[in-house]
Amino acid sequence: MWLVLCDDWDLAAQWAYQGLRERGLAPVEMVTAGALAHAASWTHRVSTSGSRIEVRFADGRRLDSQQIAGTLNRLGSVWNAGTASAVEADRAYAAQEFYAFCVSWLKSLPGVVVNRPAYLGVGGRWRHPSEWAMLAAEAGLQIRPYRLPGQGWSTSSLQPRSSAGGRTVIVLNDAVFGLASDNPLAQSCGRLARLADADLLGVDLIPDRDGTWRFADATPCPDLRIGGAPLLDSLSAMLGEEAALR
Amino acid sequence: MILLSGIPSESSLARVHQQVTELGVPHLLVNQRWVRELAMACEVNGAGVTGYLTVRGIDYPVEAFTGVFLRLMDDAELPEVRSEAEGSPLRRHSRDLHETLYRWSQIAPAVVVNRPDAMASNGSKPYQAQLIAEQGLEVPATLLTTDPEEVLHFRRHHGRLVYKSISGARSVVRELQDEDLARLDDIRWCPVQFQEYVDGLDVRVHVVGRQVFATAIRSEASDYRYAMRLLGDAPALTAVELSDPLAEQCIKLTAALGLEFSGIDLRVTPDGRSVCFEVNPSPAFSYYESHTGQPIAAAVARHLAGIAQSSPTPAFAASR
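Protein chains in written order, with the working numbering: chain Z, 1 to 246; chain L, 1001 to 1320.
Among the hints, a few may not be true.
Stated by the list, open to error - Listed below are several chain Z residues computed to face chain L (Cβ distance under 8 Å; list not exhaustive):
no., residue
1, Gly19
2, His44
3, Gly82
4, Thr83
5, Ala94
6, Gln96
7, Tyr119
8, Ala133
9, Arg147
10, Pro149
11, Thr212
It is worth saying that the hints were derived from the structure and are not from the lab. Ideal Cβ placement from N, Cα and C applies to all residues, glycine included.
Working from the sequences, and respecting the hints, build out all of it.
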């Protein structure tokens, strides 16, 4: 079984789910944050020899990590209906406990997981814009100076991509979508994904007045539709690879 | 130059400051409570990160800091800030200052003890346990569940169990008793972490770069940190020596977590296994140092100064 984990409103995940099914991955299950929030029961084991997760959903579905071959993980948030109804004094603690729990069960998923969770980001490691700027420069991308304090949380938040003529490049497992592979920019974006230890990375680029493309932002959860069918072909092959080796 | 920051009277910071001073290494001690007289501004550009830390009217270029030791308390709780109205200029200044210091320490080309984001793995104990197991150390069998039946089954299999928080929230580790079973249904609301009870001797291992300091803690309490409160009996701390392979595993684990300095909690079982419970990325080492005389602060100071340490031989002879 393959999993697509996503937030409830994630249209790109739904598109990928359909595309993976059309490419022959079967069965593929889409599990949303909302379904996880209302799960009937959770059992997660951790030991020296390995870890495991079993989830029973309210609709009767059951998830057992022993049956999972690979996962497209695009979860942006996790919450728990039981925690939300906790008394106020316990609510923050319960939410912290549930988040810590989710980071662990996501890490225990077997096979190829795109992207692996981190404590700072259940759908892939979150980084502050200042850190992205450092990594982008190290990868060879041109950057605009990023100032601390006071520039906010996104390097591109004040600059809508469409109006600025920007573009998003997606890197998946070293392959670059949205630029010709021999373009030096593509190579830099690939390096950035490697430096960030991300199998899947969206890189936003914006043009300067002189036509130079500069790094604007990066995310482990990009809009996959930008990569089109070639990206789905690669994702399908990547997720299926481990199962084929079993 | 080494940057030290926090509350200077806090024992861990005070000990490292004393050692840095004795080493004669240039350093700057910044008291968080000087918040009104502190400012920081940085810029990330193609050349790296540049900027200034202003302390009581003197500008220090951040590029000058080659070692950084942060023991910062929550700036909202600083006495100078606590009584400020929400959104007051001082409160905003304090937040900006600490956020800048925090973010700079994440990317600074310096020895940082420890980088903030590397400390995050301790926020989920079972997540960190999986990282520990990946490095070849044994971890206790752990069950996290909302299903009371699973707990009963786990208890039948393992016998004695303890339960504790999943997150980094500090909690007292307690043994699951028969009388607790009456409220086991409460776990249906949110997963709870249960662990096999591991009998043996507690050993706290402090790793500084490639130096290892191991301390055995003898206590009857299930959580020795609360031995006085729970049993009215203080634990006995003794410096001990780890086997070379175990010391090497602790060094490797610390590096794998991206840490320069760690406090690793082990329990050595009667049959000689070493079970790892967690890795503390901001260990309050002064408690162990004051009881054993192990020169942990000196090792941290030398590490910050980039002075090579003798390694990996533990600095103390066995005294078990």
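Among the hints numbered above, which are violated by the structure, and what are their numbers in rising order?
Numbers 1, 11 - these are the hints that the structure violates, sorted from lowest upward.
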